[in-house]
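Number of protein chains: 2
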Amino acid sequence: MKIHPLWEDYPSLKTELERTLDLMETSINLANKEVENAILEMIHSGGKLLRPAYLFLFSQFGKKKDTQKTIALAASIETLHTATLIHDDIVDEAATRRSLQTIQHKFGKDVAVYAGDYLFIVCFKLLAHHVSSLKSIQLNANSMEKILDGELGQMDDRYDYNISVESYIKNISGKTAELFSLSCFLGAFENNAAADLSSQAKDIGLNIGIAFQILDDILDYSQNETTIGKPVLKDVRQGIYSLPLICAMTSHRQELMPYLDKKIKMSDEDTQKIYDIVKQADGITKARILAEEYTQKALEQLSKLPETKENTRETLIKLTTQLLNRQA
Amino acid sequence: MKIHPLWEDYPSLKTELERTLDLMETSINLANKEVENAILEMIHSGGKLLRPAYLFLFSQFGKKKDTQKTIALAASIETLHTATLIHDDIVDEAATRRSLQTIQHKFGKDVAVYAGDYLFIVCFKLLAHHVSSLKSIQLNANSMEKILDGELGQMDDRYDYNISVESYIKNISGKTAELFSLSCFLGAFENNAAADLSSQAKDIGLNIGIAFQILDDILDYSQNETTIGKPVLKDVRQGIYSLPLICAMTSHRQELMPYLDKKIKMSDEDTQKIYDIVKQADGITKARILAEEYTQKALEQLSKLPETKENTRETLIKLTTQLLNRQA
Numbered sequence: 001m002k003i004h005p006l007w008e009d010y011p012s013l014k015t016e017l018e019r020t021l022d023l024m025e026t027s028i029n030l031a032n033k034e035v036e037n038a039i040l041e042m043i044h045s046g047g048k049l050l051r052p053a054y055l056f057l058f059s060q061f062g063k064k065k066d067t068q069k070t071i072a073l074a075a076s077i078e079t080l081h082t083a084t085l086i087h088d089d090i091v092d093e094a095a096t097r098r099s100l101q102t103i104q105h106k107f108g109k110d111v112a113v114y115a116g117d118y119l120f121i122v123c124f125k126l127l128a129h130h131v132s133s134l135k136s137i138q139l140n141a142n143s144m145e146k147i148l149d150g151e152l153g154q155m156d157d158r159y160d161y162n163i164s165v166e167s168y169i170k171n172i173s174g175k176t177a178e179l180f181s182l183s184c185f186l187g188a189f190e191n192n193a194a195a196d197l198s199s200q201a202k203d204i205g206l207n208i209g210i211a212f213q214i215l216d217d218i219l220d221y222s223q224n225e226t227t228i229g230k231p232v233l234k235d236v237r238q239g240i241y242s243l244p245l246i247c248a249m250t251s252h253r254q255e256l257m258p259y260l261d262k263k264i265k266m267s268d269e270d271t272q273k274i275y276d277i278v279k280q281a282d283g284i285t286k287a288r289i290l291a292e293e294y295t296q297k298a299l300e301q302l303s304k305l306p307e308t309k310e311n312t313r314e315t316l317i318k319l320t321t322q323l324l325n326r327q328a
Numbered sequence: 001m002k003i004h005p006l007w008e009d010y011p012s013l014k015t016e017l018e019r020t021l022d023l024m025e026t027s028i029n030l031a032n033k034e035v036e037n038a039i040l041e042m043i044h045s046g047g048k049l050l051r052p053a054y055l056f057l058f059s060q061f062g063k064k065k066d067t068q069k070t071i072a073l074a075a076s077i078e079t080l081h082t083a084t085l086i087h088d089d090i091v092d093e094a095a096t097r098r099s100l101q102t103i104q105h106k107f108g109k110d111v112a113v114y115a116g117d118y119l120f121i122v123c124f125k126l127l128a129h130h131v132s133s134l135k136s137i138q139l140n141a142n143s144m145e146k147i148l149d150g151e152l153g154q155m156d157d158r159y160d161y162n163i164s165v166e167s168y169i170k171n172i173s174g175k176t177a178e179l180f181s182l183s184c185f186l187g188a189f190e191n192n193a194a195a196d197l198s199s200q201a202k203d204i205g206l207n208i209g210i211a212f213q214i215l216d217d218i219l220d221y222s223q224n225e226t227t228i229g230k231p232v233l234k235d236v237r238q239g240i241y242s243l244p245l246i247c248a249m250t251s252h253r254q255e256l257m258p259y260l261d262k263k264i265k266m267s268d269e270d271t272q273k274i275y276d277i278v279k280q281a282d283g284i285t286k287a288r289i290l291a292e293e294y295t296q297k298a299l300e301q302l303s304k305l306p307e308t309k310e311n312t313r314e315t316l317i318k319l320t321t322q323l324l325n326r327q328a
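Chains G and Y, in that order, give the protein sequences.
Start counting the first sequence at 1; every next residue gets the next number (full-length UniProt numbering).
Start counting the second sequence at 1; every next residue gets the next number (full-length UniProt numbering).
Because the hints were derived from the structure by calculation, they are not lab data.
Please note: incorrect hints may appear among the correct ones.
Copies of one chain are not kept apart here, so a pair can be met inside one copy or by any two copies together.
Derived DSS-like pairs (lysine-lysine); straight-line CA-CA distance at most 25 Å [claimed, not checked]:
hint, residue 1, residue 2
1, Lys109, Lys265
2, Lys106, Lys14
3, Lys63, Lys2
4, Lys33, Lys146
5, Lys146, Lys106
6, Lys170, Lys125
7, Lys170, Lys33
8, Lys2, Lys146
9, Lys106, Lys286
10, Lys234, Lys273
11, Lys265, Lys170
12, Lys309, Lys33
13, Lys135, Lys63
14, Lys273, Lys65
15, Lys109, Lys63
16, Lys170, Lys109
17, Lys146, Lys125
18, Lys234, Lys106
19, Lys69, Lys125
20, Lys69, Lys135
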């Protein structure tokens with residue numbers, strides 16, 4: 001069992017995350033052992049488990065803690081996240097993820113479709129068997145709906161040169177931030193935290209999630225430069241225009257337009273050009289400023305949280321600062 | 001709103017099925033209106049709505065009926081079925097279904113992946129908001145797990161010349177019969193039918209579902225002959241060996257083997273040859289005998305059901321006889 005090295009600094013979280021992986025593992029049972037093993041391998045490939053981690057941290061604000069239920073909720077959310085990753089890999093035709101062959105690459109898209117579907121079901125099953133109220137099943141279902149609405153919203157905005165920063169934020173709020181928000185909220189709510197704390201947790205999770213996704217989109221530009229030597233710009237190739245490009249469009253629209261025609265398959269030279277223009281137009285810098293705004297908002301909200309015996313507030317600030325300043 | 005003409009003979013069922021479609025429609029809300037419309041179009045394209053129909057019929061054995069809940073359960077099950085159809089169309093690269101363009105063909109597999117995922121969530125949402133107990137959410141989750149296990153089991157058995165009749169029945173029990181079984185069971189159970197009646201309903205649904213899928217697999221062979229003039233054999237082309245072929249293998253293994261090599265893409269001549277051999281080996285006739293066994297078992301079980309004021313038993317026998325003797 002491999003846990004991401006990030007958690008070495010957080011020993012009690014590390015234990016809870018390991019128990020989460022254990023529960024996920026025992027919940028996955030397929031007659032098709034090859035596919036079962038591929039799913040288990042993916043689960044143990046060292047993903048960051050950020051959503052479960054935030055869920056555990058916010059559970060510490062609870063007045064009546066239920067560790068077993070909290071682990072089940074964490075497992076359910078990470079299982080949902082894994083399902084969407086498997087399906088994302090079909091859409092992206094990705095060959096590898098976390099240095100492993102993707103399920104779609106190893107077994108074909110047919111198996112990947114059903115393997116992702118199966119994990120959606122495992123997510124339901126974990127909720128259905130470990131949660132004590134229909135209310136929390138409803139909250140989960142509503143959040144999941146927002147996540148898919150965000151994914152499909154992003155699909156709708158592909159190849160749209162005129163996508164606004166607002167539409168971009170709306171899409172990433174759904175496809176990424178909603179699950180962070182749900183994790184923070186459920187951690188607090190399901191452990192009987194005060195109502196206003198659960199509501200704060202939801203807001204904080206949303207801001208963390210938005211900053212996290214903007215940073216991810218920045219890394220799609222900046223990281224390639226340093227680590228691969230040339231820009232990959234996976235999103236742009238699929239017509240998904242993320243924040244650095246959207247920011248660059250305001251001043252360098254004329255220069256960018258010729259490369260953004262959906263009828264033409266993008267060459268490596270095209271993406272190099274796009275990258276150069278985005279950089280020249282300070283698109284990455286401007287995106288960083290917006291990420292920083294959401295980060296600061298989250299940190300400010302975190303600093304107002306009450307004391308706990310586990311010193312949760314400081315742990316949350318440390319983790320969030322670390323996460324939203326990462327370089328890879 | 002188009003309801004399959006089959007239901008003209010069953011006016012009260014027709015009304016309930018229309019209400020089911022209404023609820024499905026109001027439960028589907030996406031920012032991406034193009035995809036929303038494609039999903040709604042698919043829902044209103046005249047599918048048979050068999051699973052909801054059986055659910056309504058078995059609800060009539062309930063001692064304390066809850067029509068609103070029953071409609072929600074029916075909508076949830078048909079939504080799940082629609083989700084799997086959208087994903088099946090990705091796997092099959094199907095261009096049309098029920099004379100409409102498939103979502104994968106119209107919008108690409110990316111949209112189809114997320115559209116199917118979205119419907120899984122809607123199914124879950126319907127259950128979460130309309131069902132009164134965690135118990136029935138658990139039953140649904142467990143059944144859904146069997147369905148996906150069946151789909152993945154079938155994937156695992158692709159291109160396996162040695163697949164047994166037992167493995168075939170196991171796979172179709174999961175991928176098809178389980179949802180019939182769940183529908184019959186939930187109809188009874190969720191309306192407070194006697195425990196032994198709910199348990200019978202489950203068995204009956206399983207037998208109907210198995211017979212239904214065998215008949216579908218027979219029609220993949222026999223129907224093509226009469227309606228298209230040449231065999232399409234969609235399943236065989238994908239390495240899925242269904243009952244007519246499995247039955248033919250016992251006597252005509254040598255003749256069939258050369259055409260079943262997965263490394264070779266099957267030509268129309270190959271499928272014509274396979275079809276000829278399967279027919280010559282009485283594969284279709286033998287498959288019909290097994291379908292008939294499951295049909296008879298179901299009809300016998302149905303005939304033992306108690307009287308209801310709606311004359312449910314006779315309706316169930318009429319519908320099941322009609323369904324399992326269909327020619328298309």
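Going down the list of hints, with the structure as the test:
1. Taking CA atoms no more than 25 Å apart as the test, Lys109 paired with Lys265 passes in both settings, with 22 Å inside one copy and 18 Å between copies.
2. For the homomeric pair Lys106 and Lys14, neither the shortest alpha-carbon distance inside one copy (30 Å) nor that between copies (46 Å) is at most 25 Å.
3. With identical chains, the CA atoms of Lys63 and Lys2 are never at most 25 Å apart, being 32 Å at best within one copy and 53 Å at best between copies.
4. Taking identical chains as interchangeable, the C-alpha atoms of Lys33 and Lys146 lie at most 25 Å apart only when they sit on different chains, with a minimum of 15 Å there against 33 Å within one chain.
5. Within a single copy, Lys146 and Lys106 get their C-alpha atoms only as close as 30 Å, which misses the 25 Å cut-off; across copies the closest is 23 Å, which meets it.
6. Proximity of Lys170 and Lys125 under a CA criterion of 25 Å is satisfied inter-copy only: 22 Å between copies versus 29 Å inside one chain copy.
7. For the homomeric pair Lys170 and Lys33, the shortest alpha-carbon distance between copies (16 Å) is at most 25 Å, but the shortest distance inside one copy (39 Å) is not.
8. In the homo-oligomer, the alpha carbons of Lys2 and Lys146 never lie at most 25 Å apart, since the shortest distance is 31 Å inside one protomer and 29 Å across protomers.
9. Taking the shortest alpha-carbon separations for Lys106 and Lys286, neither the intra-copy value of 39 Å nor the inter-copy value of 37 Å comes in at or below 25 Å.
10. Taking the shortest alpha-carbon separations for Lys234 and Lys273, only the intra-copy value of 14 Å comes in at or below 25 Å, while the best inter-copy value is 45 Å.
11. Neither within a single protomer nor between protomers do Lys265 and Lys170 lie at most 25 Å apart by alpha-carbon distance, with minima of 27 Å and 45 Å respectively.
12. In this assembly of identical chains, Lys309 and Lys33 lie within 25 Å of each other by CA distance neither inside one copy nor across copies; the values are 44 Å within and 49 Å between.
13. Within a single copy, Lys135 and Lys63 get their C-alpha atoms as close as 19 Å, which meets the 25 Å cut-off; across copies the closest is 27 Å, which misses it.
14. In this assembly of identical chains, Lys273 and Lys65 lie within 25 Å of each other by CA distance neither inside one copy nor across copies; the values are 54 Å within and 66 Å between.
15. In this homomeric assembly, Lys109 and Lys63 never come within 25 Å of each other (Cα to Cα): the closest approach is 45 Å inside a single copy and 46 Å across copies.
16. In this assembly of identical chains, the alpha carbons of Lys170 and Lys109 lie at most 25 Å apart only when taken from different copies (23 Å versus 29 Å within one copy).
17. Proximity of Lys146 to Lys125 under the C-alpha cut-off of 25 Å is found in both arrangements, the shortest distances being 20 Å within a copy and 12 Å between copies.
18. Taking identical chains as interchangeable, the C-alpha atoms of Lys234 and Lys106 lie at most 25 Å apart whether they share a chain (21 Å) or sit on different chains (23 Å).
19. Both within a single protomer and between protomers do Lys69 and Lys125 lie at most 25 Å apart by alpha-carbon distance, with minima of 13 Å and 21 Å respectively.
20. For a Cα distance limit of 25 Å, the shortest separation of Lys69 from Lys135 qualifies both inside one copy, at 14 Å, and across copies, at 17 Å.
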